[in-house]
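Protein chains: 2
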Amino acid sequence: MIEKIVARAQSNWTKAEGPHHHIVLSSRLRLARNLKKIPMPAFQNETDGFTVLEKVKNAAENLGYRGQEKLYFYRLNEIPALERQILLEKHLISPEHCEEGGNKGLLINGDEAISIMINEEDHLRLQVFSPGLQLEEAWQIADQLDDALESELEYAFHSRTGYLTACPTNVGTGLRASVMVHVPALVLTQQAGRVFSSLGQLGFTARGLYGEGTEAIGDLYQISNQITLGQTELEIIQNLTTLALQIVAKEEKTRKWLLQECPFQIKDRVGRAFGVLQNAAILNSQEALNCLSDVRMGVDLGLLKEELRKLNLCELLVLAQPAFIQRYTGRTMAAQERDGVRAELFAKKFR
Amino acid sequence: MIEKIVARAQSNWTKAEGPHHHIVLSSRLRLARNLKKIPMPAFQNETDGFTVLEKVKNAAENLGYRGQEKLYFYRLNEIPALERQILLEKHLISPEHCEEGGNKGLLINGDEAISIMINEEDHLRLQVFSPGLQLEEAWQIADQLDDALESELEYAFHSRTGYLTACPTNVGTGLRASVMVHVPALVLTQQAGRVFSSLGQLGFTARGLYGEGTEAIGDLYQISNQITLGQTELEIIQNLTTLALQIVAKEEKTRKWLLQECPFQIKDRVGRAFGVLQNAAILNSQEALNCLSDVRMGVDLGLLKEELRKLNLCELLVLAQPAFIQRYTGRTMAAQERDGVRAELFAKKFR
Chain C
1 MIEKIVARAQ SNWTKAEGPH HHIVLSSRLR LARNLKKIPM PAFQNETDGF
51 TVLEKVKNAA ENLGYRGQEK LYFYRLNEIP ALERQILLEK HLISPEHCEE
101 GGNKGLLING DEAISIMINE EDHLRLQVFS PGLQLEEAWQ IADQLDDALE
151 SELEYAFHSR TGYLTACPTN VGTGLRASVM VHVPALVLTQ QAGRVFSSLG
201 QLGFTARGLY GEGTEAIGDL YQISNQITLG QTELEIIQNL TTLALQIVAK
251 EEKTRKWLLQ ECPFQIKDRV GRAFGVLQNA AILNSQEALN CLSDVRMGVD
301 LGLLKEELRK LNLCELLVLA QPAFIQRYTG RTMAAQERDG VRAELFAKKF
351 R
Chain H
1 MIEKIVARAQ SNWTKAEGPH HHIVLSSRLR LARNLKKIPM PAFQNETDGF
51 TVLEKVKNAA ENLGYRGQEK LYFYRLNEIP ALERQILLEK HLISPEHCEE
101 GGNKGLLING DEAISIMINE EDHLRLQVFS PGLQLEEAWQ IADQLDDALE
151 SELEYAFHSR TGYLTACPTN VGTGLRASVM VHVPALVLTQ QAGRVFSSLG
201 QLGFTARGLY GEGTEAIGDL YQISNQITLG QTELEIIQNL TTLALQIVAK
251 EEKTRKWLLQ ECPFQIKDRV GRAFGVLQNA AILNSQEALN CLSDVRMGVD
301 LGLLKEELRK LNLCELLVLA QPAFIQRYTG RTMAAQERDG VRAELFAKKF
351 R
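The listed protein sequences derive, respectively, from chains C and H.
Residue numbering for the first sequence follows the numbering used here, starting at 1 and increasing by one per position.
Residue numbering for the second sequence follows the numbering used here, starting at 1 and increasing by one per position.
Read the hints as simulated data drawn from the structure, not as lab findings.
Note that beta-carbon positions come from the ideal geometry of N, C-alpha and C, so glycine has one too.
Heads up, a few of these hints could be off.
What the hints assert, rightly or not - Subject to a maximum C-alpha distance of 30 Å in a straight line, what follows is the list of computed DSS-like cross-link-like pairs (lysine-lysine):
1) 70/C x 55/C
2) 256/C x 348/H
3) 305/C x 310/H
4) 349/C x 305/H
5) 305/H x 310/C
Stated by the list, open to error - Residues of chain H clear of chain C, computed beta-carbon distances all greater than 12 Å:
6) 19
7) 21
8) 35
9) 156
10) 166
11) 290
12) 300
13) 309
Model the full structure from these sequences, guided by the hints.
Here it is in structure tokens:
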């Protein structure tokens, strides 16, 4: 399964479908869980780590026997570094889980809607991905999966605080819900900074494309809850859904305003981005993402050729990434060569 | 005739023909002449200026009767400012001759190969334009025209110093020979500055697209002789031809070197320029010229679609100019609106 996953740019979350997918690219739920009486990854010895891997692997197999969706098990150190990097680029694992060392494992289903990191910061990090704004739907899947696993594994759970986690910010529900939003108009009008920095007061946080500490390139932001305690899972999800809808409305309104107030500037920006993707011979991933962002908005606003709608720009986001480009080309390359290959690839796509 | 001239971007010098026209866009000869016993334009009263206009006009008519090419006479103050500006953009008159005031006149033939400015700095400034590197051919035309006019007019001439002119730098032959060269590779490799600043020692000077004090945009330089005294006309022309051939060789060599040493960078530059011309919605004339320059080199190096060869990039240089854009659109426009119209126009041309 992993060979297929790393060979394709598409993933469950990149499908251009689901409510409001023109602005909310994808929804993701993550549950942090730990097994009873085994030290958490930061304090594990070799045996502890191995025990967790084995227990989770067996549990997943049992789920499979009971007719649940098949999850494929991998030890991360058996996956070559370049392919681990692709899993990261596809958001299926975290940057920490991509690094060498430790008894790291992965369970993943065939369409990449489910990915469980084993021995990341917690023993288990269940992730469910959906395209568009579908947090409740993702929650149904995550909840069922969690229940099924809990019937096989003994989770560390405290009746008052809830699920115990490595980091206190995850204690309680252990739930991190997030949406990836594409807000070029908010960025262009310099509203993004203000809007997203105010989220903290509401218990949410905004980060860049690859999580904490990464820059918001391509006008993409991940919005997630900061609070996991004192709210039910459904409350968290509903609050984030409400917030996402507000962002959708604000982005839509701003796009309309831009089209009305500075139509030439918008057409110019979108046109030039398209021109770069179609004609550049050197294209780094950051510029590719920024141009894809403008083109995506342009397509949505009807400013570019209608045929471009057929292009899945979420997939192209993945395609633009360094490791994916190398896997696609079939050889490791220095950044300079990658920029040439990427340019060629995009020129083909946009011709 | 003037209505036709200001309505078309083509001119004799914009034809993509003549020796070495891929680098030497055009050749131009200019002869400065003054009539005997009439004050030069800077010291003229109204009557003097009018006398010069009438004398030259009559002389030109007599030339026509004798079977020479017909020259059309205009008083500059009868030509609307916008159309004067187009004559300037087409290099048919000088910036000074474009300005209001004085008894300025113009004689021009049907294909714009000949343009005579009357009461510019001198009483007469005969100009002959040719596409490519054809200074000797231009000189044949200029010399015949000069002789024919001299048979009708009494030139101020001194047996020792030659033709008298308003500015001492023109005394003697009164000849300014110039070539317009397109040297994107020399500019890109930062050789242009060095090459062109050293021309002074050889008795030549390099200026931008619109003469003295104008910036060298679009990688275009006008090279002309500084010395008009102590050399025959043919010596001046031959020296400039030799110099132009050296510049052609240097530019060609540098282009080859660039293609070999940094093919991706060149393709990228050329591709992006094409992308801008094809897709921008706001395009000022300077950016248009710079992009045209890169595209012109790209076409020449076979880096762009073969069909682009059909586009006459010299004509597009004229088309990009502010006054021409307004005449073309049929209304006066502020710079911002022009940039939109220009972008639309170029998008059509390059689609």
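Results of checking the hints against the structure:
The straight-line distance between the Cα atoms of residue 70/C and residue 55/C is roughly 16 Å, inside the 30 Å bound, and the hint therefore holds. In summary, the hint linking residue 256/C to residue 348/H is supported, as the alpha carbons are separated by about 26 Å, within the 30 Å threshold. Straight-line distance between C-alpha atoms of residue 305/C and residue 310/H comes to about 25 Å, which keeps the hinted pair within the 30 Å bound. Proximity of residue 349/C to residue 305/H is assessed by CA-CA distance (about 17 Å); at most 30 Å being required, the pair is judged to hold.
Using a Cα cut-off of 30 Å, the hinted pair residue 305/H and residue 310/C holds, with the two alpha carbons roughly 25 Å apart. The non-interface label for residue 19/H is consistent with chain C: the shortest C-beta to C-beta separation is roughly 32 Å, beyond 12 Å. For residue 21/H, the shortest C-beta to C-beta distance to chain C comes to about 26 Å, beyond the 12 Å cut-off, and the non-interface label holds. Look at residue 35/H: its CB is around 52 Å from the nearest CB on chain C, clear of 12 Å, so calling it non-interface holds up.
Every CB of chain C lies more than 12 Å from the CB of residue 156/H, the least distance being 54 Å, so the non-interface label holds. Residue placement check: residue 166/H keeps its beta carbon more than 12 Å from all beta carbons of chain C (closest about 46 Å). Non-interface status of residue 290/H relative to chain C is upheld: no Cβ of that chain comes within 12 Å, the nearest being about 14 Å off. At roughly 17 Å, the least C-beta separation between residue 300/H and chain C is larger than 12 Å, which holds for a residue marked as non-interface.
Annotated as non-interface, residue 309/H keeps its C-beta farther than 12 Å from every C-beta of chain C; the closest such distance is 18 Å.
Hint compliance for this structure: every hint is met.
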